[in-house]
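Heads up: the protein sequence lines correspond to chains G and A, in order.
For the first sequence, the numbering used here puts the final residue at 66, and the numbers step up evenly by one.
For the second sequence, the numbering used here puts the final residue at 196, and the numbers step up evenly by one.
Keep in mind the hints are simulated off the structure, nothing from the lab.
In this text, a Cβ means the ideal position worked out from N, Cα and C, and glycines have one as well.
A portion of the hints provided could be inaccurate.
To give an idea of the chain G side of the interface with chain A (calculated C-beta under 10 angstroms), a few residues [as the list claims (entries may be wrong)]:
| no. | residue |
| --- | --- |
| 1 | Leu19 |
| 2 | Glu24 |
| 3 | Asp27 |
| 4 | Lys46 |
| 5 | Arg59 |
| 6 | Phe60 |
Pairs of lysine to any residue, SDA-like flavour, derived with a Cα cap of 25 angstroms [stated by the list, open to error]:
| no. | chain 1 | residue 1 | chain 2 | residue 2 |
| --- | --- | --- | --- | --- |
| 7 | G | Lys46 | A | Glu153 |
| 8 | G | Lys37 | A | Glu153 |
| 9 | A | Lys147 | G | Glu55 |
| 10 | G | Lys37 | A | Gly130 |
| 11 | A | Lys158 | G | Gln63 |
| 12 | A | Lys84 | G | Pro42 |
| 13 | A | Lys147 | G | Ala54 |
| 14 | G | Lys37 | A | Cys90 |
| 15 | A | Lys147 | A | Pro129 |
| 16 | A | Lys137 | G | Ala54 |
| 17 | A | Lys24 | G | Lys37 |
| 18 | G | Lys37 | A | Met177 |
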Amino acid sequence: MSLRRSLLAVGAIALTVGLTGCYESSDVTRFEPGQYKGADDPLLAKLEDPEFRAELDQRFEGQRDR
Amino acid sequence: MARMKFLCDADRCIECNGCVTACKNANDVPWGVNRRRVITLNDGLPGEKSISVACMHCTDAPCAAVCPTDCFYTTTDGIVLHDKDLCIGCGYCFYACPFGAPQFPTTEAFGVRGKMDKCTFCAGGPDEPGTASEYEKYGANRIADGKLPACAEMCATKALLAGDGDLVADIYRNRMMSRDGRPQTWGWAKAYGAGA
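Build out the structure end to end from the sequences listed, making use of the hints.
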């Protein structure tokens, strides 16, 4: 009887350990179509700065033909 | 607000590939990936034309429309960027893009696609500008430094123009007024709509 219990216990442990490798995380990221889900770009805030915009525009103006 | 656009003046492009080299150098683009390339039409024949092609940062970007993970976003300036942390390398954007802009590094075995790489208008990605992680993933963020994209800035003949659409169009219009022939704003109608 005790041998049977021991075998059952060992079997249960082996099953638990074996199935651990089969675990798959159910914590998935769900994406809604058409909506950006990534990180915020700090550049967007910088582009709103009028001083920075003026600097950028001045640089772009340098492309004009002389 | 500006709408950033590229325009390649086919009458001025001399196929030097300086833009390609500048892009590769500025962004440390991996082997096998060409964010920008020069295409020559009627190569070797009289009247051949060369055009420098990269992501055109479309107004209604088809790559963004088909992306299953919605990793694309458009800045207030109209620059189309993407988050490589979300990209799964499915390649849908490659099939959707009319300019062949999305590139995939194939450094892994069995041709497994890596995360998509494309021209960022030298505006980096959704990381802190100027950081090592941004540079590693997206390349240089020259826009944050108040500079032009490296390709346009490097162009010896000023064939490749980058910047606000109004400015670019004005420069090109002035050139056309001193030239014969019709304007050839290659790719503009497809990228920015029929009225562009």
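Okay, the hints, checked on the actual structure:
1. Checking G/Leu19 against chain A by beta carbon gives a least distance of about 28 angstroms; that is not within 10 angstroms, so the hint is violated.
2. For the restraint placing G/Glu24 at the interface with chain A, the shortest Cβ-Cβ distance is roughly 17 angstroms, beyond the 10 angstroms limit, so the hint is violated.
3. Proximity of G/Asp27 to chain A is violated relative to the hint, the smallest CB-CB distance being about 16 angstroms (cut-off 10 angstroms).
4. For G/Lys46, the suggested interface contact is upheld, since its CB lies about 6 angstroms from the closest CB of chain A, less than 10 angstroms.
5. Interface hint status for G/Arg59: upheld, as the beta-carbon distance to the closest one in chain A is roughly 6 angstroms, under 10 angstroms.
6. At its closest, the beta carbon of G/Phe60 sits 4 angstroms from a beta carbon of chain A; the interface hint therefore holds under the 10 angstroms criterion.
7. Of the supplied pair hints, the one linking G/Lys46 and A/Glu153 holds, its CA atoms being roughly 21 angstroms apart against a limit of 25 angstroms.
8. Between G/Lys37 and A/Glu153, the direct Cα distance comes to roughly 32 angstroms. Violation of the 25 angstroms bound is thereby established for this hinted pair.
9. Annotation: proposed proximity of A/Lys147 to G/Glu55 holds, straight-line Cα distance about 9 angstroms (limit 25 angstroms).
10. Restraint check for G/Lys37 and A/Gly130: the C-alpha separation of about 22 angstroms stays at or below 25 angstroms, so the hint holds.
11. Simply put, A/Lys158 and G/Gln63 have alpha-carbon atoms about 7 angstroms apart, close enough for the 25 angstroms limit, and the pair holds.
12. Straight-line distance between C-alpha atoms of A/Lys84 and G/Pro42 comes to about 16 angstroms, which keeps the hinted pair within the 25 angstroms bound.
13. Between A/Lys147 and G/Ala54 the alpha-carbon distance is near 12 angstroms, which keeps this suggested pair within the 25 angstroms criterion.
14. Distance hint between G/Lys37 and A/Cys90 is fulfilled; the C-alpha atoms sit about 17 angstroms from each other, no more than 25 angstroms.
15. A hinted pair counts as satisfied when its Cα atoms are at most 25 angstroms apart, and A/Lys147 with A/Pro129 qualifies at roughly 13 angstroms.
16. Under the criterion of a C-alpha separation no larger than 25 angstroms, the hint pairing A/Lys137 with G/Ala54 is inconsistent with the structure, at around 28 angstroms.
17. About 28 angstroms separates the Cα atoms of A/Lys24 and G/Lys37, which puts this hinted pair outside 25 angstroms; it is violated.
18. In summary, the hint linking G/Lys37 to A/Met177 is not supported, as the alpha carbons are separated by about 45 angstroms, beyond the 25 angstroms threshold.
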